[in-house]
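Enquirer: Could you fit the two chains together into a complex? Lean on the hints.
Note that the protein sequences, when read in sequence, are chains D and L. The numbering used here puts the first sequence at residues 305 to 415. The numbering used here puts the second sequence at residues 407 to 519.
No wet-lab data here; the hints were simulated from the structure. Treat the hints with caution; some may be incorrect.
As the list claims (entries may be wrong) - Facing chain D, according to a computed beta carbon distance under 8 Å, are these residues of chain L, among others: (1) Gly448; (2) Tyr454; (3) Pro467; (4) Gly469; (5) Tyr470; (6) Ala488; (7) Pro489; (8) Thr492; (9) Phe496; (10) Gly501; (11) Gln508; (12) His509; (13) Asp512; (14) Leu516.
To be verified - Covered, in the sense of this in silico footprint (three residues per stretch, anywhere, with C-beta under 8 Å from a C-beta of chain L), are these stretches of chain D: (15) 324–338; (16) 368–374.
Note that beta-carbon positions come from the ideal geometry of N, C-alpha and C, so glycine has one too.
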Amino acid sequence: QKEVEQNSGPLSVPEGAIASLNCTYSDRGSQSFFWYRQYSGKSPELIMFIYSNGDKEDGRFTAQLNKASQYVSLLIRDSQPSDSATYLCAVNMEDGNKLVFGAGTILRVKS
Amino acid sequence: NAGVTQTPKFQVLKTGQSMTLQCAQDMNHNSMYWYRQDPGMGLRLIYYSASEGTTDKGEVPNGYNVSRLNKREFSLRLESAAPSQTSVYFCASSGRVGNQPQHFGDGTRLSIL
Numbered sequence: 305q306k307e308v309e310q311n312s313g314p315l316s317v318p319e320g321a322i323a324s325l326n327c328t329y330s331d332r333g334s335q336s337f338f339w340y341r342q343y344s345g346k347s348p349e350l351i352m353f354i355y356s357n358g359d360k361e362d363g364r365f366t367a368q369l370n371k372a373s374q375y376v377s378l379l380i381r382d383s384q385p386s387d388s389a390t391y392l393c394a395v396n397m398e399d400g401n402k403l404v405f406g407a408g409t410i411l412r413v414k415s
Numbered sequence: 407n408a409g410v411t412q413t414p415k416f417q418v419l420k421t422g423q424s425m426t427l428q429c430a431q432d433m434n435h436n437s438m439y440w441y442r443q444d445p446g447m448g449l450r451l452i453y454y455s456a457s458e459g460t461t462d463k464g465e466v467p468n469g470y471n472v473s474r475l476n477k478r479e480f481s482l483r484l485e486s487a488a489p490s491q492t493s494v495y496f497c498a499s500s501g502r503v504g505n506q507p508q509h510f511g512d513g514t515r516l517s518i519l
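Isolated chain L (complex conformation) (with noise of 0.2 Å):
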């Protein structure tokens, strides 16, 4: 029952490196996201895969890349990590995109030095 998956859980990288969050889902769902979350900022979107094949800009892509590797696997990537990108990363899951509920994984809390 592990429902959406993400590591790591934690990293600490230097300005400059690159890396790649990775995020797996075992519900079946055919949309996925990435989002950040920053104090007093709530969520926000950072990319998302409506469904298989598919991946669209959310609110702050700039700085990122995504993979729709599966159905089940979503990752996403930091060429060039900055301070401005330490966050806490949340991948998250619906059956599709629009009216359903998404389904949170436990997190990635990323620095950059």
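Isolated chain D (complex conformation) (with noise of 0.2 Å):
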């Protein structure tokens, strides 16, 4: 079973629907959650991080983070072409000292 687990799409979405992004991972211990985007050519951006349960909100962006069932999933509202990207799940292991990264969506905004 891969540590980090992501749909590898493509998601294709019409423009200002939500765009639902999920990852999955299987270190029980795990704290930090983060979201990067990358756009084809491009180095990883980050966009959001979380370390609760719950909801965190940042403009267009929420990412959703449940540890019972070890998902976390990133939705993006009113989606723009601009948001067509890969998007990278990272998760930071018990251990502590290292990022693993799912392989990535590719989401794809139709206008």
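Expert: Structural data, given as structure tokens:
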């Protein structure tokens, strides 16, 4: 079992819709969770991080964490074509020394 | 406002050649990391340095060496390049290892023929 799993996609949504990206992780002791956006040919860019169960909102982005079910999700409201990118989920393992990244989900927002 | 700076941005090597990738950060971060990214594989940790003077292996350290030159700089060396090391290499830094976000450089695109 991979430590951090994401659906590779592509996930296609129409402009203005809500995009929902999901990530599951294997280490029950994980404490920190991060979402990065990566445009083609560019470096990963931090969007959000979440440490506690529940929702965390920042503008059009909401991160949701459920430690009991070991999943973290990212919602993007009012999706724009500029949101088209690969979204990477990263989880800090219990030993605290490293982030493990999922392979990413490709999001395509169609205008 | 440079953040994390990597050099070079592109490089082509022949099998067996050696090379050092440079990384510097100006955010006064304690921890620095080297990743490689291959299609469909996501980011894989090669080595990291939790603080100045320390380095540790990540998931895929074979064929690489690192040096934490000072708090700002963390270099990655390929002693004898192999085609399997063709990849995009990213350097990142964070305040400390663990639960702080990592910030990435622009990457080095390395091709080994």
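Enquirer: Of the numbered hints stated previously, which ones are contradicted by the structure, given in increasing order?
Expert: 3, 4, 5, 6, 7, 8, 10, 14 and 16
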